[in-house]
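K.L.:
Construct the entire structure; sequences and hints are all you get.
Position one of the sequence shown corresponds to residue 145 (my numbering), numbered consecutively onward.
In case anyone wonders, no lab produced these hints; they're calculated from the structure. Idealized CB from N, CA, C, for every residue including glycine.
25 Å max Cα-Cα, derived PhoX-like pairs, lysine-lysine: (1) K332 <-> K342; (2) K632 <-> K579; (3) K463 <-> K447; (4) K269 <-> K179; (5) K260 <-> K182; (6) K261 <-> K179; (7) K182 <-> K206; (8) K332 <-> K393; (9) K560 <-> K579; (10) K319 <-> K229; (11) K295 <-> K560.
What follows is a set of in silico ranges between Cβ atoms, one per label pair, in the way DEER data are often shown: (12) V207 <-> P603: 46 to 54 Å; (13) Y335 <-> L431: 18 to 26 Å; (14) V637 <-> G270: 41 to 49 Å; (15) E625 <-> E255: 43 to 51 Å; (16) Q330 <-> S256: 27 to 35 Å; (17) A653 <-> P603: 35 to 43 Å; (18) K579 <-> A162: 37 to 45 Å; (19) T540 <-> S256: 41 to 49 Å.
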Amino acid sequence: MANNEFDCTVLTPEQRDARLALDVERLLRFGRKHKLIKDLDVIVARNTLLDLLALAAPSEEKVPKEDFDTPAALLDEMVELAAQKDLLDGAVPQFRINFETRLMGALMPRESEVCKKFKKLYEKKGAQAATDWFYDLCVVTNYIRTAQIAKNIQWNSATPYGDLEITINLTKPEKDPKTIALERLQPKSGYPACMLCKENIGYAGRINFPARQTHRIVPITLAGQQFYLQYSPYAYFHEHCIMLHETHKPMEMDRQTLAEIFDFVAQFPHYTCGSNADLPIVGGSILSHSHFQGGRYVFPMQKAGIATPLTDIRYPGVKAGILNWPVSAVRLVGRSSQQMQIVANNILTAWRDYTDESVGILSHTGDTPHNTVTPILHYDEKDGYILDLALRNNRTSEEYPDGIFHPHKEYHNIKKENIGLIEVMGLAILPARLKEQGAQIAEILAGQLPNTSRTEGSPLAVHADWIDELIAKYGTSMKPEDANNAVKQEIGVVFSHVLENAGVFKQDAAGQAAFLRFMQSVGFQAI
Numbered sequence: 145m146a147n148n149e150f151d152c153t154v155l156t157p158e159q160r161d162a163r164l165a166l167d168v169e170r171l172l173r174f175g176r177k178h179k180l181i182k183d184l185d186v187i188v189a190r191n192t193l194l195d196l197l198a199l200a201a202p203s204e205e206k207v208p209k210e211d212f213d214t215p216a217a218l219l220d221e222m223v224e225l226a227a228q229k230d231l232l233d234g235a236v237p238q239f240r241i242n243f244e245t246r247l248m249g250a251l252m253p254r255e256s257e258v259c260k261k262f263k264k265l266y267e268k269k270g271a272q273a274a275t276d277w278f279y280d281l282c283v284v285t286n287y288i289r290t291a292q293i294a295k296n297i298q299w300n301s302a303t304p305y306g307d308l309e310i311t312i313n314l315t316k317p318e319k320d321p322k323t324i325a326l327e328r329l330q331p332k333s334g335y336p337a338c339m340l341c342k343e344n345i346g347y348a349g350r351i352n353f354p355a356r357q358t359h360r361i362v363p364i365t366l367a368g369q370q371f372y373l374q375y376s377p378y379a380y381f382h383e384h385c386i387m388l389h390e391t392h393k394p395m396e397m398d399r400q401t402l403a404e405i406f407d408f409v410a411q412f413p414h415y416t417c418g419s420n421a422d423l424p425i426v427g428g429s430i431l432s433h434s435h436f437q438g439g440r441y442v443f444p445m446q447k448a449g450i451a452t453p454l455t456d457i458r459y460p461g462v463k464a465g466i467l468n469w470p471v472s473a474v475r476l477v478g479r480s481s482q483q484m485q486i487v488a489n490n491i492l493t494a495w496r497d498y499t500d501e502s503v504g505i506l507s508h509t510g511d512t513p514h515n516t517v518t519p520i521l522h523y524d525e526k527d528g529y530i531l532d533l534a535l536r537n538n539r540t541s542e543e544y545p546d547g548i549f550h551p552h553k554e555y556h557n558i559k560k561e562n563i564g565l566i567e568v569m570g571l572a573i574l575p576a577r578l579k580e581q582g583a584q585i586a587e588i589l590a591g592q593l594p595n596t597s598r599t600e601g602s603p604l605a606v607h608a609d610w611i612d613e614l615i616a617k618y619g620t621s622m623k624p625e626d627a628n629n630a631v632k633q634e635i636g637v638v639f640s641h642v643l644e645n646a647g648v649f650k651q652d653a654a655g656q657a658a659f660l661r662f663m664q665s666v667g668f669q670a671i
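P.N.:
Now the structure itself:
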């Protein structure tokens, strides 16, 4: 709540409405302070909020002077008061989120105004000034849910590939039985077609689709194609942005895709830009809508060194090398965008049809393709464009029905989902269940809990084999702090193995020799 001493459950209806009316004025003051609305806009926003909250008139109380960066706590209070008035079912988390978004939507500038301001800033002050303003707008309107993001548990784990970044994702509330039941009753809808479509702007939401009254996008042209830039509401890293195609069309990976990525980084050189692969298993969660992801962030992969330097004498302006990274990747470095794109496309084209049965790589099964890439690009003032191309293969087998180059079953206790763009770059997004389970495992290592993982019905049963390994390594007499740190480190080690599973060329001598053979087939030689 915005005020820790305030308890809305003890208020009379009159006191509740008085508090809500005052909260409206507090929200309006916040909006003016952050330049979301001007003087005349205040009247419109006030009347909209009064209507949404079923209030007859505005507050006449003195509005307290406050200084907060986001309206999250204030909105929480307003939603709770509205739920007490039966304006929404407060027991359903998605209804609370949707109502909160609807309230904040009353203070939002129009889409056209946002686009105009972004364009003006870009032209007068540059790309960084434009994105700084746009990002700040998304934070102060609570579109980027910083209070929820702050709940995530994050740490680094040392591995042979450098530090990997681990995040236990606590931003999205787990679905309760009531929500699941309501979702079953929800009529099927094809609008918006997906959560990336531009039609999400201003959408009211439903039980199984988030409200988007605070959502804004800005148009950008990439290699002749119309895209829109937006930020991710549940960001996994700083200024996590998404560039979505104006049309709801499937993900592709070709020369045009590479051109679009390079064009984005040319226009926004302070941002990294990458694309999920275009095939299932090795792609992201949304393959149906062409998009890129990026942000103002240095990922672990970008800090990785070169294991084997390479050269292609046809392109002297492009440095190359096999990356010291668990997911098989090639790094290209050069100042010429055109040369870089040509070399990258050469690798992509060759990889599409490359087969090496000695290491289990088949490019096709019949007419079904298996090979693709996950590209990640950023710009460096000293070296120019730096492109990492992760080689991917989505083939399955009887032994590995989820994917040969996918997290193997022995690691599913930590990570079983697809290894997409963000994970490829060395940032693990792990399920919320690991918060409690990890703490319990640490208590076992510290001798504070018995190991019941092999007891029928144990919530730790999924970790039973792993716990045995940890006990064999660490014993059960650790100091609690050391045990917690050990569990975190070992989760990171498991994540490194998961990334190795995704690597098409393994880290042994045979795998690295096969990797070099592929690069030689493209025209590269080891230096």
